[in-house]
Amino acid sequence: MFAVFGSQEIVSAADNKPDPMNAVFRAVWTAVVIALAAFASRATSPGDGASPEAVRCESDPPRDVRGLEDCVARFPRDVELLLELGAAYEQGGRIDEARAAYRRAAAIDPRDATARRLAERQ
Amino acid sequence: MKTASLLVARGLNAIYFVAGTVYCLLSHSPFAYEQFIRPQLIGWLPDLVANNHWLYLATIVITIPTLVPALWRGTRIQQGAIAAYFVMSLGFGMWLTSTAALALAGPNPRTLIMAAIFPALPLALAIVDHIVAGVPQLERVELPRLFVAVTSAFVVSWCAYALLIPWFSRRAVGVELSPIALVMAMGISLAAHLMAAALIYLVAAACLSLAAQLKSFRAEYWAVVALIAIAIGAVFQRLVASALSLETAESWILSGWLSISLSATLSSAWLSLMGPDTNCTRLARSSRQSEESHAKRVQLVSGTGLATLALSIVGVASIALVTRTAVAEFDWNFLLQMLGVAVVWAIAFGWAGLSVARLITERRRIATPVCDALAVAMLLVGLAAVPLASRAAALTGDATLQPEFVLDRYTALDGSYMLLRALLRTNAAGDSDYFSYLKANSTLGKVSAAPVDVDFVDQFKTGRTPPHIFLFIIDSLRRDYLSPYNPAVSFTPNVAAFASESVVFERAFTRYGATGLSVPAMWTGGMLLHKQYVRPFPPMNALEKLLDGVGYRRFMSDDHLVELFHESPATTLLDREIDEMDHTVCSTVRELEMRIDTTSSDPRPMFAMTRPLQLHVARLARDPEQSASAYPGFSAKYANQVAALDRCFGEFVDYLKRSNLFDDSVVILTSDHGESLGEEGRFGHAYTLHPEVVQIPLIMHVPRTVAESMNVDPSAIALSTDITPTLYAFADQPPMDRGVLYGAPLFWRKGTPPRDRRRDSFLLVSSYGPVYAMLRHNGRSLYISNAIDGRDLAYEMRADGTMERLTLTNVMRMVNRRLIREHIGEIANEYGFTPAF
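Protein chains in written order, with the numbering used here: chain A, 1 to 122; chain B, 1 to 837.
It is possible that some hints are incorrect.
Stated by the list, open to error - Taking beta-carbon pairs under 8 Å as the criterion, some of the chain B residues facing chain A (in silico):
#1 L202
#2 Q213
#3 R780
Since the hints were derived computationally from the structure, they do not count as laboratory data.
In this text, a Cβ means the ideal position worked out from N, Cα and C, and glycines have one as well.
Take these sequences, add in the hints, and give me the full structure.
Structure (C-alpha cells):
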C-alpha cells in the first residue's frame, strides 16, 4: 500500500498548487455522496406493510370458521391453522370440509402423525 | 543486507506481539476459551504460552541490535526515545514473567486489558523508528493514478476470485446455481467491487487533498498512515469484534487502538524496506532518479499490457486459493477466510494496483474530474445492482433467482464478495435496535447472576426401582448421517438396528447451538442465562437432582463440563487418562463395560453419560484424509468417524443384551448440536443456528414396562431440554409444567391427554454469540436472527424432514422478532438480569 502511495510521479508544480477551497469542497461533496449512498442502502424497517390481520393469524389466530378460513387463505401451508379449521368444521357438523382440511394438512406435512391420523379417520 | 535484517527483526517483533494480542482476544472469547484453550485441545499451545517469556526475550534480543547504532550516534532526542523504549521493554518483560500473564488469560476484563497492552510495544517501536529515520517525503499522490490503482486492484481481485469459482463449487455443499443465477451473482459482485473501489478512492482523495493543504510532507505521510489505520479498524470492527462478541464500547476502543498500532508497525516496516536512507538524502534525490528507479521496479513486476493483467490475476488467485484452503475447515463464522481476503486485497493493491495503474496512466492521461465522475457512477452501479436484480428476478417469475438466496450461495464461492458484503452491510433503524437488544442479552460473562432453583418435583417419591440410564451425547453428530434419519446412509447398521427397537424422534432440536450451553441446558431441562456459567450450577442441575433423589450411581466421562456436577462418591469418572478431544465411543464403552462388570453386585440403578468428541471439527482435522468414493454424497472424514462410533455403539448395545440389562434400561443416542459440513461454505457450529446445526438425532430405547404404560408421538417436536423431564417421567417422578422455557416429558401415561405443544414457540440460542432462533409450528418453521451478521433468515421443513430457505416476509419478521424478544425477556426475568439497553 505504501508502495502505491510512495511511488507516484511527482506532479509538476503547476498541476499541484494548493487550493484550500477545492480540497474543502471535495471533502464536503465526498461526505454528502457517501451519506446519501448509506441512506439509500438502508433497508425498510421491519414490520412495514405487515397487515394486522396477517399478524394475528400468525400469532393469535381466531377460533371461528370464518376467521380461520381467512387465515388459511393467507397462509395456505400452515398445518396448525388447517387442523384448527378442520376441528371448527367438525364442531359445526361440516364433516366433508373437515376431512378436506385434515387431508390438506397431512399432504403438507405427511410425517405429522396427528394430521395423518385425522386425515385417515373415516 | 542491512535492510533485510532490519525488516526481519521488525517482522519477528510484530509476529510476537500480534500473536500475543490474538491469544488474549481468543482467551477473552467464551467460545474459544471454553472449547479450545481451557480443555487444552491444541496440544502445543499450553507449552508455548507457558514459555512465552522466552519468546519475548528472543524478540527483544533480535530487536535491540537494530537500535544500537542510533543509540550511539543519534541525536539526544533519538537516544532518549530508544532509552525509553528499552525501559518500556524491560518493564513489559518483568510484568510478563512475574505475573505469568498469558497463562492466566481467560474470559474476563483483565485479559482484554492485556490484549490492549500487547500492541503498545510495537507502537512504541514504530514511534522510535520514525524518530530515528524521520518521516519520509511521499511524492505527491496523483489522484487519477490513485483511482486507477484502487479500481484495478478490485477488478483484479474480482477476476481472481471468479477464476476460482469452478474449484470451490466442486467442494461446497448446497451452492448449486443455474448459469443465469451465476451470471447475475457475478455481476452483482463486480458492481460491489467497483463500489468499494469508488468509496476508497473518494475517501482517500478527500483526506489526501485536505492533508496537501497543510503544505507539509509530514501531514501527507500521516494522512496515508491514518487511511491505512481506518481500513484496518473497519475490518476489525466489522469482522473480528463481532466474531469475538465484544461489547460496543470495547470493540470501538480496541479497533481504534489495534489499528493505530498495526498501521504504525506497517509504516515502520516500510521505513525498514526503504533502507538506511535518511530523510535528508531522500529529499535531495531528484525526481528524475525517482522516475528511473520506479520504472525499473514496475518493469520487474509488470511486463506489458495484457500479460501484466493476466499475471496479476493468476498471482492473486493463487494466493487467494492458498489462504482460503488453509483455513476453511477451521473457520469461525468465516472470520479467517475473510481476513485472508483482506490480505489478498492488500497484495492486489500493492501489486496489481501498482503495475496496472502505471500502465494505464502512462498511455492515457485521465483528468481528475473524470475519475470523480466515474467513482460516483461506480457507487450508483453498486447501489442499484441488487434492487435491479430483484426486479429482473420478479419479472422472470423464477423464485430461484431471488438475489438474497443466490448471493448467499454465491458467497461460498467468491470470498472477495463475502468480505465486501460483510463490510458494506447496513441495517435499517429498527434492525439496529433489535440487534442491539440481542447483543445486550448475550455473552454475559461479566454479569453476576444468582442461580435459580430448578425443581421438576416438590419431593422425590420412593417406590419402584427406576430404569438404568445410558445417555450418549455425541458431540457434533448430524442426524442426516444416521440411517434412521436418512435412507441414503449405509454406514450405520448398528444404529439402524438400535432404532428398530427404539423411538426415533423425527423433529428433535437442540435448544443451544454449540456445546457450551447446550449440554448444561440439557441437564437443567430448560433455558439458561447466556453466561458460562451462572455458579454455583448445581441448583439448576435438575438431572443431578434426579440422580441424587432416586439414588443412581453414576459413570460419567471426565470432560470439562463435569465440574458443573457436585463431586460425589456415587460418581465414577470414565476416560480419566484420555485427553478430552480423544474421547470416543469405543474407548468409553470398553471402560464402562468393565466398570459395570466389576460392580455388578451394586443394587443401585446406573446412570452413564458420555460426550465423545470424535466428530468435533477440531478432532477431525487430525484424521487422515478418506477416499470420497467410500462415502459418496457424504463428508468422508466425518462419515468414517460416524461408522466407527456406530460399530462401538452396536457392541455396547450387544453387551447390554448379553448382560440382560437392555430391557431394563433407557438408552439415549443424541447430540448436543449438529455441524455444518460445507453448506453454503459453512463449517463448524460455533455461531450459527442453521438447520444442520439445530436439527439433532434423538433415539430413545425405553424399558418394556415404560413402553407398555406410556404413549409417545415421535412426529411431535422434541427438544434437547425435554430429555431430563422425560427421565423424571421414566423414574416415576412426574415432572411439573414449568412453561415454555423448560422442557416437558416426551412420553405420557396412557389414559392421560398429551401436552399439545403444536402452537408453542421455542427459543433456540447460539452458546457463544448473539444468534437466536424461534422454532414454531411443531418444528416446521425456523426463524433465525443473527445479530453478528445483522440479518434474519427463515426456513421451513419439507416433507422429507430437511429444511429449505424461505423468502422473508414482514409478518414473519414482526411475529418472530417479538417472540424472540419476549422469550429473552423471560429468561432475564428468571435470573433477575436487567440488560443495559
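Practice item. Report the numbers of all earlier hints that the structure fails to satisfy, in ascending order. Key: Per hint list: zero violations.
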